[in-house]
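S.K.: Chain by chain, the residues run as shown.
2 protein chains.
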Amino acid sequence: MRTAGVRPAPDTPADQATVRRLNLGLLMRSLLAGGPRSRARLAQDTGLTKATVSALVTELAARRMVTEGAVDRGGVGRPGRMVEVDTSVVRCVGLEVNVDHAQGVVADLTGRILARRRLAIPLADLGPALGIARAAELAGALIRDAGCDPEQIETLFLSVPGMIDQDAGILSYAPNLHWRQVDMAHALMGRLRWPRARVAVDNDANLGAMAEYAIGASAGSNNLLYLVGEIGVGAGVMLDGTIVRGRMGYAGEVGHIPIGPPDTVCGCGRRGCWETVVGLAALVRNAMPGGVTAGEALPRLDMAQQLGAIRERAGRGDPVVLAALADVGRWIGIGASVLANVLDPEVIILGGYFAELQEWLRPAVTAEMAARVVAEPQACRLEFSLLGFEAPAIGAAHAGIDLLVGDPSLVAVA
Amino acid sequence: MRTAGVRPAPDTPADQATVRRLNLGLLMRSLLAGGPRSRARLAQDTGLTKATVSALVTELAARRMVTEGAVDRGGVGRPGRMVEVDTSVVRCVGLEVNVDHAQGVVADLTGRILARRRLAIPLADLGPALGIARAAELAGALIRDAGCDPEQIETLFLSVPGMIDQDAGILSYAPNLHWRQVDMAHALMGRLRWPRARVAVDNDANLGAMAEYAIGASAGSNNLLYLVGEIGVGAGVMLDGTIVRGRMGYAGEVGHIPIGPPDTVCGCGRRGCWETVVGLAALVRNAMPGGVTAGEALPRLDMAQQLGAIRERAGRGDPVVLAALADVGRWIGIGASVLANVLDPEVIILGGYFAELQEWLRPAVTAEMAARVVAEPQACRLEFSLLGFEAPAIGAAHAGIDLLVGDPSLVAVA
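First to last, the protein sequences are chains A and B.
Residue numbering for the first sequence follows full-length UniProt numbering, beginning at 1 and increasing consecutively.
Residue numbering for the second sequence follows full-length UniProt numbering, beginning at 1 and increasing consecutively.
The following block holds chain A by itself, in its conformation from the complex (with noise of 0.2 angstroms):
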């Protein structure tokens, strides 16, 4: 098993490995970006010479990376072979691991979807070794499903809710699911014995915004927030491209920000944390404060009957309901602006069960943002997100995507 290698040795020196290291990738993101071409177009679009067009395809087609196939005839000059991705061969998977289920999906190089499976089951019950045992039966479904070797497998990227040192691959504290220093890749690897896969580990909300990023509604934009909606709430800040972490990963817990009604008392232990007011947990306690039948707490319920249950009676217009929604929403537009004013997002995304009930927080949430953003009107856009809670496997697929792409050579000669 090999960690991967999440950033490149500051300080090393450049050598004609680094140019090809570049230049191949430079031709991978023009080809994901741009669609098969002949070499003759690729040099032109890219500033590269044939020469080294040609140089270039033929390592990546030896690294199964991009294949040659039909002949383009719509150019001018010669009739040459179109070069495009290799759809055929590697496979990148996302794993998801959370509190009360386990996901994963299959990607190939375009990021398309090979496979995708859900598992309910309560992991925080079980503990780290038997989660992770169950969260390998599920990867190891996912790569039958989706019709592949382990030897295909290049990247398995995992998704947990929690910090994590990524150096290590660990997963330093997951505090729903109360895993603590879990060596997660190692741990996964020993049973799935996938012979070249690289392993990382990341946090569910950076790896929301890394799907939101390839494949959401904004795709494309490189300064987004990702709020994530759950039991608590969760940032992934991509700023310039790239990921915000912080010193020790802990950059976007966003969930105990003192901006809360200041008596409000959180699982933490502080006042006034923003969670207290934007989680599940608080919108579930406002909106049904009888549970959802005599007799049955609500807390006993999954996210998923939680959420049922308040959209069914949003629905029908309890009163109750919709005050806890506008309540929720406003909040959500607080904290939205102080991130908003903070890091001066191109746009705020909310996924999660935010997402899953849009059509009632959307007015408090926009008329907040409106009312406390300084930059100009429309300088940040809030927008609802479209993966659901999917997002952070997609993005866990992504990474590893991006990985292979930023540097091709990790992909081994076929």
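Source of the hints: derived by calculation from the structure; they are not laboratory data.
It is possible that part of the hints are untrue.
Chain copies aren't distinguished; within one or between two, either way the pair holds.
[Stated by the list, open to error] Cut-off 20 angstroms, straight-line C-alpha distance, at most; resulting in silico cross-link-like pairs (SDA-like, lysine to any residue):
1. 50 with 16
2. 50 with 30
3. 50 with 13
4. 50 with 25
5. 50 with 12
6. 50 with 40
7. 50 with 219
Given chain A, put chain B in place with the hints provided.
M.R.: Quick look at chain B alone, frame taken from chain A:
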């Protein structure tokens, strides 16, 4: 005049020139960090071959960025001449334009300050044309103080208290100067006619953060947050060694994050802006509601006089002033906690007037942060700046040095 290119164009082909540029920068950084050494030793320390080091040193010497001096007899093997940073020719100027003053520094490539000047002048009243004329005079006097010819000035970086369009070198809007859409770079260079100077404009808080990174008490911390207290409050955010700007350059505009008391009305028309409780104007209002002496309204005094009056009263234990300072400290701590939780910096550095009054502010700031920052205790240090109000000018000089060190080929061969 050439406007400084701030970041390289993405997706351009890499070639031998890329390699050379990267390695020239590597060698310069090694010399700046580790001091003079023989070519052989530089090869060891950087991982470059001796032949490459020799070629790079020859090029850097031709550009007057390094010089070869005394023979090193301390190392193993054949003695070689010591390569060191040439501090005799290349000069970088940092120039700050602010509401009531202009100031500047001239530095050599190692960051040593060769001259400094400060001019108290009501630039907000003069308007852009006259203000820029006076700033240009200051800059001219400054390089005469430093004993250098205009030809030696390779960079002029400007600090302004407002939002900038960095690519164009334009000040978009400086609220307290009341300047809008001022082409600072061209206007200044039209007067200065420094033949080689690359010019760039940046925000004072961003440049203050760069100064802290370069020479502050936490120099080298590449996740730092610099909060500057002036009439309002601003933030310079450095993450992973890069200043965060956001999409429009508004990142760090923290003065209007809505975390203050909900009933206070800000100059911007909103309620609850942080600036209403931590800006110097708020402190002055609360500390000395009656003014300094009968009949003298405190806001008429300049910032230094206001601070002097507050220090004097705090020093003799004036209970109203002490209570006002404790209140400001508490609000600084609340806002700093929000920023710490969102960004996870290694250190938060309080500059500007916060540093001037640190003995009275520190207890409350520290207490609030200890109570509110989520990462484990001590994960985010609190510091007060040692650089005073000169930080933006120093940062501007260092931003120029960084530009040249990052790409020595910008400096023409002598």
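S.K.: What hints, given by number in increasing order, does this structure fail?
M.R.: When the structure is compared with the hints, only number 7 turns out to be violated.
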